[in-house]
Each structure stands twice: as structure tokens, then as C-alpha cells.
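Chains as they are written, first to last, in this note's numbering: chain A, 1 to 248; chain R, 1 to 417.
Misleading hints may appear alongside valid ones.
[Said to hold, decoys possible] Result set (SDA-like, lysine to any residue): computed pairs, CA atoms no more than 25 Å apart in a straight line:
{"no.": "1", "chain 1": "R", "residue 1": "Lys239", "chain 2": "A", "residue 2": "Gly5"}
{"no.": "2", "chain 1": "R", "residue 1": "Lys239", "chain 2": "A", "residue 2": "Thr49"}
{"no.": "3", "chain 1": "A", "residue 1": "Lys139", "chain 2": "R", "residue 2": "Thr103"}
{"no.": "4", "chain 1": "R", "residue 1": "Lys239", "chain 2": "A", "residue 2": "Asn78"}
{"no.": "5", "chain 1": "R", "residue 1": "Lys170", "chain 2": "R", "residue 2": "Pro258"}
{"no.": "6", "chain 1": "A", "residue 1": "Lys163", "chain 2": "A", "residue 2": "Gly5"}
{"no.": "7", "chain 1": "R", "residue 1": "Lys353", "chain 2": "R", "residue 2": "Leu382"}
{"no.": "8", "chain 1": "R", "residue 1": "Lys353", "chain 2": "R", "residue 2": "Pro258"}
{"no.": "9", "chain 1": "A", "residue 1": "Lys119", "chain 2": "A", "residue 2": "Ser92"}
{"no.": "10", "chain 1": "A", "residue 1": "Lys139", "chain 2": "R", "residue 2": "Leu91"}
{"no.": "11", "chain 1": "A", "residue 1": "Lys119", "chain 2": "R", "residue 2": "Ser174"}
{"no.": "12", "chain 1": "A", "residue 1": "Lys119", "chain 2": "R", "residue 2": "Leu91"}
{"no.": "13", "chain 1": "A", "residue 1": "Lys139", "chain 2": "A", "residue 2": "Ala81"}
{"no.": "14", "chain 1": "A", "residue 1": "Lys129", "chain 2": "A", "residue 2": "Gln84"}
Calculated from the structure, these hints are not laboratory results.
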Amino acid sequence: MAGEGKDIIICRDVHKWFDRLHVLKGIDLTVKTGEVLVVFGPSGSGKSTFIRTINRLEEHQRGTIVVDGIELTHDIRNIAAIRQEIGMVFQSFNLFPHLTVMQNITLAPIWVRRWSAEKAAQVAMDLLKRVGIPEQAHKFPAQLSGGQQQRVAIARALAMQPKIMLFDEPTSALDPEMIKEVLDVMTQLAKSGMTMICVTHEMGFARSVAHRMVFFDGGQLIEEGTPEQIFKNPQHDRTKLFLSQILH
Amino acid sequence: MTTTVETIGPPRTSVGVLGWLKRNLFSTWYNTLLTILSAWLVYSVLSQLIVWAFTSARWGVISANLRLFMVGPYPPDQVWRPWLVLAMVSLLMGLSAAVWGGTIRTFGNSLAAAYATLIVIALLIEGFGRQVAWLSSPGGEWWKTIPSAIWLTVNLILLVGAYLSARGRKGWQSALLLLWLLSFVVTIVLLQGFVKNDFLPEVTTGKWGGLLLTFMLATVSIVLSFPIGILFALGRRSKMPAVKIFCILYIELVRGVPLVTILYMTQIMLPLFLPGELRVDNVIRAMSGMMFFTAAYMAENVRGGLQAIPTGQIEAAHALGLNEVFVTLFIVLPQALRMVIPATVGLFISLFKDTTLATIVALLELLGVGRSVLAQPEFLGLQTEVYVFVAAIFFIFSYAMSYASYRLEEALGVGKR
Ligand SMILES: Nc1ncnc2c1ncn2[C@@H]1O[C@H](COP(=O)(O)OP(=O)(O)O)[C@@H](O)[C@H]1O
Ligand SMILES: [Mg+2]
């Protein structure tokens, strides 16, 4: 359970502007090793921007972010080091369409981790078995269904053997019948003890898997608590309103 | 009420040829009118052309000057070198047809058919003897006197042989690409030769001409403009303002000027930039003009491809820890270049035709040869024959290329992801 591990992500007073638009307004958040955190909130509230600052796809302009003991600064060596420890899964899969599934997965381990091709292929095959699609290894992404593509994207991120996984609405672009296959993989991953931050509105998943949930609105972290607290007894009106909208 | 749902095929809308004709050509009264009108137009033009071509046209002007049309002033006793280049291309073409199949195989087939036709024509005109030294030397070592029909047969055998021996070798693709690149260098060395060398005496580019020169102008400028264009396209998106401004200036200046102007400018200005002892002849100047010109358009093509890559691709690559250079080379460029292949082939076609502009800087490419032939007193008044011949050659190659680009577009699924 959560709360046992050491602090692996520490965000202090994180601010972010897009030109004049103040998108993150002082986020304070600490995530422990092995913790599964679900981030939810209305569209445009800064959820994506926030988790993207953690692997520096977006640069924060004030405050500090420390990941696995390394502070994110302009030093590109730090950024490179941190990106190796963080896997990310996007809403739109972002598989490389000109490479096969196998090549998609082995690319970074071979070129960043400097593994041999055999080792990378071995690990990739194991991961494909874990996400349930070993038979698709030599196809191109366009030949797969959305759910299969997203599972490949998860395998691709896991191949780097990251300590942390970030998910940005991984099921939002999927047809309903494919959502479950992706959530199953994520659940299994959470059970294996991976540190995960998931932006998602799959409240069933949050209820059963998350250790903690945080509610974002207007660039601020409005409320946090266990799923139990959030669903049974939300403290803020905005949280209540939002939950009532998405839970019907 | 319960009914069983039968599966039925789509309704038959056309019944054979007649149905197709009715639907497409005679569906309404104005469609019928247009059909009849165009049929009449095509018939009257084509029939006249065909009647002329087979009765009153005097094709002697072409066969008498065929060497000029093909290689221009290239020394007759060295014509075996362009032949050897062609043989190399046939070999690679055969291998490529086998390895890639599809459109390239169609090309291989067409090339084989073209060789077969040309062999028959060569035999008819040249005969089995060597009285008419058509595209070979009248004397010298044996390889210099090989008659055209034999060369063509060798080409046909190489093409078919290479195809048959490489069928199903998908693994050869990257090696073959390398070979094509290498053949480019070999071609230039072979055609150019070396100073003070008896076996491959130097043939300066000033002596290149005809179809050979047309091809070399187009190929050299496109092959060299490709990497330059990519660099300019990347530079235009660079975060460094100096680089960016330089690239934008270059691209926009060149694109704002007609090719003729650039050809004149390279004729005059290139010697000014180069050190005194380095003399470059007309052909090199024209080639560099075309290369600089094409590079600007290539840059814009590539930029279009780069822009079409979703930012998600780059973000995903960065998130995996891949660095900037790697992402550009292995994630962005391969996808972008694939998208711009059709546009690049289009660029190549227009450059291929624009090589005719080199006549104005006194180069004897295909059209230039045509004009010099017409200037000879014994061929006065044969403009139609010469220009129809030249136009036909341009048409055949341009059509082949646009067909290729069209098929490539389908095969690569450009526009689909
Ligand atoms: N690259 C960008 N440039 C400018 N504004 C942006 C950019 N990305 C996001 N924004 C803005 O920042 C705000 C937060 O966006 P985002 O983090 O994507 O929200 P969420 O993921 O919660 O829907 C929105 O108002 C959005 O329009
Ligand atoms: Mg978002």
C-alpha cells in the first residue's frame, strides 16, 4: 500500500505560464514509491500540463520539481537522466508509424540504455506477452486496433524499465469495448508495485486501484484524498459538482 | 413477421462494356455531345500525326544523328562508357524490381519491353554488320566497337538475369539503396574519366551532351539538392535565429527568381567565388545552378513533410529519453521524407524538363542537340521531325516518372497514417 515508500516525486509551488496564461498556480504534491495516484478534473484545468512538467515535456517557471533525487533544471543531463526513469503513455498513443511494434519497443532500450539487440528483443517479447499481444510483434501500428496500439505504447514505455509511469488520459481516445483491455493492463501494473500518476476519468479504475486521488481545477490542486474520501465525502463544492457531472 | 435476412451482393449497375460506355460516355445528351466532340478532335489530330509519321516524315534526320541525340559531342570511341553506365543501371533495376516488386517491377517490365523493341530497331537499321557505327566506335579495341544491338541485348540479359536471381530477397533492400547511391558516384567517375589515363581518358563535362547530359543534369542536381534541401528545411525550423534567417532568405530569394536567371548568374558568378586556378566549365555551372534552384524547392517540400509530423511523435520520442539529433534523424525525417516522395518526384519531373533551359547557356542537351542538328544545311526544314522526336523522349520519361509517383503515393499510403 501507499505511504510505505520514500518520496520519489516532490513538487513544491510549481507554476507554469503559456505566454500570459497562468496554467499551473502553485502545485504542491509528493508521490511515494509504489503509489498509484489518479489526477482528475475538468478539461483545461492543467492536468496534462502538470504531469508533462514531471518529465520536462513542459518547462515549469517557478518552484521546484525533484524526481528520484534529481532536481529538474535547465541542465540537459538531468533531463535526460530523469526521462530514462519515467515512462509516459499518451492519449493518442503516439506510436512511431514507420516502425514495427517490435522496433517501437526496442528503439529506446537499444539507443538510450545501450542494450544489445537480442536483450532488447527478449525484453520486448516478454512485455508484449504481459500486455497480451505477442502475436502482433512484427506488424505496423496502423494494422492494430486502438486498444492494441495503446497496449504497445505501454509496453514501449515499460521497456525502458522506468521507476515511474505517467498516463495522460490513456483511454479517452478508445472505443468503449477497448477501454477495459487497457485498464486491465494498468491495473496489473499497479498491482506489481509501479509508481503511477494517471490522469483519467475512469472512476471505476480510480476506485479500485488508486491509493490517492487529486482534483485539479483552474490550475490548482483543489482537493486530495483516498478514493473512499473523495467519492463518499468530498470536501469542496467544486469537487462535488464535478463528480456529480461525471458520475451522473 | 419473421423473415430470414439473405446476404445479397451489391446491385449490378453495369453490364459489360456496353453498360460502362453508356454510364460514362453517353449518360446524358450533353455528355454524348462532348464524347463525340472529343473523339472527333482526338481522331483528327492523331490520324494526321500518324499518317504524317508513316508517310511523309523524313526520319533519316534522327537516325543519322542518333549518336548526337543520345550523347552529344561525347567522343565516339568512348561511347562504350555511357553504355556501361546503362548496363549498371539495368542490373540495379533488375535487382530492384525483384526486391521491391510492385511499381518497380512494372518499370522493369517496361524497360525490358523497351530494350526488346530497340534491339529489333537497331538490327533493322544497323544490320548485323558494322557498316553503320551507330552508337559505337568504328575502330579500336573490341569493347569500343560493340554494336548497339549487342549492347542492348546485354542490357536486356542483365535486367532479366538480375531480376530472376534476386527474386524474393527482401533483405537486400538497404544494400541495394546503398548500391544505387554508389552507382551515382561510379557513373560520374566512369563518364568523366581521369587525366593522363589510357583506359579511361578524361572526357570533360563540356563534351557531355544529348540525352546523356539531360539525364546527368537532372540526376546530379536532384541527388545533390536532396541533402541540401533537407538541411535548409531543418534550418528553417531551427531555434537559432541566424541560421533560421539565412535559410528563409535563401529559400525565398531562390524561389522568387526564374531558373533562367539563376543559370545566367551561376555562369557569371560561380567563377568569381572560386579560386582562380579552379576552372569550372559550363556544365558544372549549369548543374550547380539547377542544384541551388532545386534545393530551395526541395527545402519547401521537406518542410511541408516536417510540419505534417504530429508533435506527439516528437514528445513520445523525448519521453523515451531519445535526444534531439536522434529524434530528427530516426523519427521525424523518415516519416517526413516518406510523405514528400510524390512531391519530390514531381520536382524531378519538372527539373528533367527544365534542363532544356540549359540550351540558353549554350549546352548541348537533348533540345540543344536538336537545334544544332537543324542548323546543319542538309537537315534544313526538318523541324517537325526533330521536335516531335525530342518531345516524344521527354514525354516517355516524364510519363514514366509521374506514373511511378502516382503508384508510390498509393503504395506508401500518403495521407493515411
Ligand atoms: N502548448 C500550449 N500553448 C498554450 N496554451 C496551452 C498549451 N497547452 C495547454 N495550454 C492551455 O493550458 C491550459 C491547461 O491545459 P491542459 O494542461 O491540457 O489541461 P487538461 O489536460 O486538464 O485538459 C488550457 O487552458 C490550455 O488551453
Ligand atoms: Mg489533457
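Check the structure against each numbered hint from earlier and tell me which ones fail, lowest number first. Of the numbered hints, 1, 5, 9, 10, 12 and 13 do not hold.
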